[in-house]
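Given only the sequences and the hints, what does the whole structure look like? Please build it.
Number of protein chains: 2
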Amino acid sequence: MHLFYQPDTRIFELDEEESRHCTKVLRLSTGDIIHVTNGKGLLQKCRLNIGRKNVTYEAVESITIPKRSYSISIAVAPTRKAERNEWMVEKMTEMGVERIDFIVTEHTHKETVSRVVNLARLKRIAASAMKQSQQYYMPEISLITDYNSFINETDATTRLIAYVPDNHLTEHVVKKVVKDSGTILLIGPEGDFTPEEVKLAMENGFEAVSLGATRLRTETAAVAGCHSINVAQLL
Amino acid sequence: MHLFYQPDTRIFELDEEESRHCTKVLRLSTGDIIHVTNGKGLLQKCRLNIGRKNVTYEAVESITIPKRSYSISIAVAPTRKAERNEWMVEKMTEMGVERIDFIVTEHTHKETVSRVVNLARLKRIAASAMKQSQQYYMPEISLITDYNSFINETDATTRLIAYVPDNHLTEHVVKKVVKDSGTILLIGPEGDFTPEEVKLAMENGFEAVSLGATRLRTETAAVAGCHSINVAQLL
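Top line first, the protein sequences correspond to chains A and B.
According to our numbering, the first sequence is numbered sequentially starting from 1.
According to our numbering, the second sequence is numbered sequentially starting from 236.
Worth double-checking, as some hints may not be accurate.
[Stated by the list, open to error] In the DSS-like style, the derived pairs of lysine-lysine whose C-alpha atoms are separated by at most 30 Å in a straight line are:
#: 1; chain 1: B; residue 1: Lys410; chain 2: B; residue 2: Lys259
#: 2; chain 1: A; residue 1: Lys67; chain 2: A; residue 2: Lys24
#: 3; chain 1: B; residue 1: Lys358; chain 2: A; residue 2: Lys81
#: 4; chain 1: A; residue 1: Lys67; chain 2: B; residue 2: Lys410
Think of the hints as simulated: they come from the structure by calculation, not from any bench.
Here's what the structure looks like:
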């Protein structure tokens with residue numbers, strides 16, 4: 001299935017990049033069928049019309065794909081490298097993440113954040129990953145600079161923070177996830193959360209969890225976290 | 236802990252890159268303590284001697300870190316992009332993979348394999364990841380061009396192939412892993428395994444498993460597979 005993304009359901013035209021993909025890469029013709037999602041659960045089966053100047057389509061069938069019975073929100077400190085942040089967004093999207101918040105923490109390298117968290121670019125990467133993995137919901141992606149407000153305002157059912165205090169045993173995230181509900185998982189920067197950040201999170205209902213026996217980079221932890229929440233639904 | 240890698244235990248000198256890291260980045264001095272691993276479980280606490288032309292050290296204490304009670308082997312078709320193969324190796328190493336075999340399958344793009352699977356570079360990446368995640372065992376990494384022989388000769392306790400035939404329900408890998416033993420997981424290329432490749436694997440004791448509800452890219456599947464095998468040990 002050739003899946004395309006058009007968030008605005010009043011528009012029945014592919015943008016320049018998708019048009020090129022359609023005509024030059026996939027070599028589709030007028031009358032061929034494509035599928036278009038709006039990234040909010042709508043999936044339309046459409047018939048193409050390859051014009052001289054643009055590619056348009058008309059919907060012949062529409063269905064709404066229901067959301068999953070559970071949701072994954074990852075609030076992660078941005079890494080210092082744009083490509084690692086991009087890799088994280090791509091892989092979390094493949095795994096069906098609903099929401100990604102890049103949270104600036106005490107130990108986040110603030111000078112580079114605006115350069116390494118390019119939201120427009122990250123959303124394009126998420127759109128590609130959504131289409132490639134044949135999903136119909138785009139993750140929401142944002143940058144949060146006020147950690148305290150973010151922690152205070154979160155309303156997920158299950159609140160977890162990836163944190164393993166020295167000499168403490170922490171349970172693996174997969175054992176703390178409540179099935180069929182919303183989970184938010186906080187992942188800190190390379191320099192970890194500060195004790196104050198952890199304390200604030202715990203005062204707001206967050207529990208400390210482990211992501212495994214080995215020490216994972218921030219972006220690996222984010223992906224492992226998503227995967228763990230998916231796996232937990234089967235247990 | 237500053238962890239360095241020297242596979243040859245007869246050598247007590249850091250190579251050029253590690254010497255530079257030692258003196259210019261970490262700014263260590265003669266008499267400072269570093270730790271050195273040989274990537275085969277040996278961890279030595281050492282005292283540095285920063286010479287004019289090189290950096291040497293002497294071991295003051297040695298311990299052998301036992302291997303885990305279980306092992307992860309991933310046999311994965313190389314992707315077409317060198318950087319995706321490199322990401323895979325880095326993240327699998329962070330997760331403690333013991334063995335990575337890049338297997339050339341029918342649908343692998345053979346013309347690019349030698350360019351996108353640079354074993355020397357991949358081993359350097361694995362060494363960095365091993366040190367960064369504070370582990371003491373280097374994964375073995377190789378390129379396998381004969382799928383049939385590889386399948387015939389494997390001797391892992393649990394043999395799994397990431398494959399979901401149409402209209403069949405396959406169990407998640409996390410439910411098929413036998414704790415405290417060796418697991419090998421085969422992951423196919425973007426174009427999937429051929430029916431013949433799957434048949435041969437099954438004739439050699441491989442069982443089909445799923446890596447989750449969403450469709451993952453090859454490199455994401457490899458990392459999800461490692462993570463699943465780690466998680467399975469806790470269940």
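The hints, checked one at a time:
1. The suggested pairing of Lys410/B with Lys259/B is violated, with an alpha-carbon distance near 48 Å, which exceeds 30 Å.
2. Using a Cα cut-off of 30 Å, the hinted pair Lys67/A and Lys24/A is violated, with the two alpha carbons roughly 33 Å apart.
3. Restraint check for Lys358/B and Lys81/A: the C-alpha separation of about 22 Å stays at or below 30 Å, so the hint holds.
4. Restraint check for Lys67/A and Lys410/B: the C-alpha separation of about 25 Å stays at or below 30 Å, so the hint holds.
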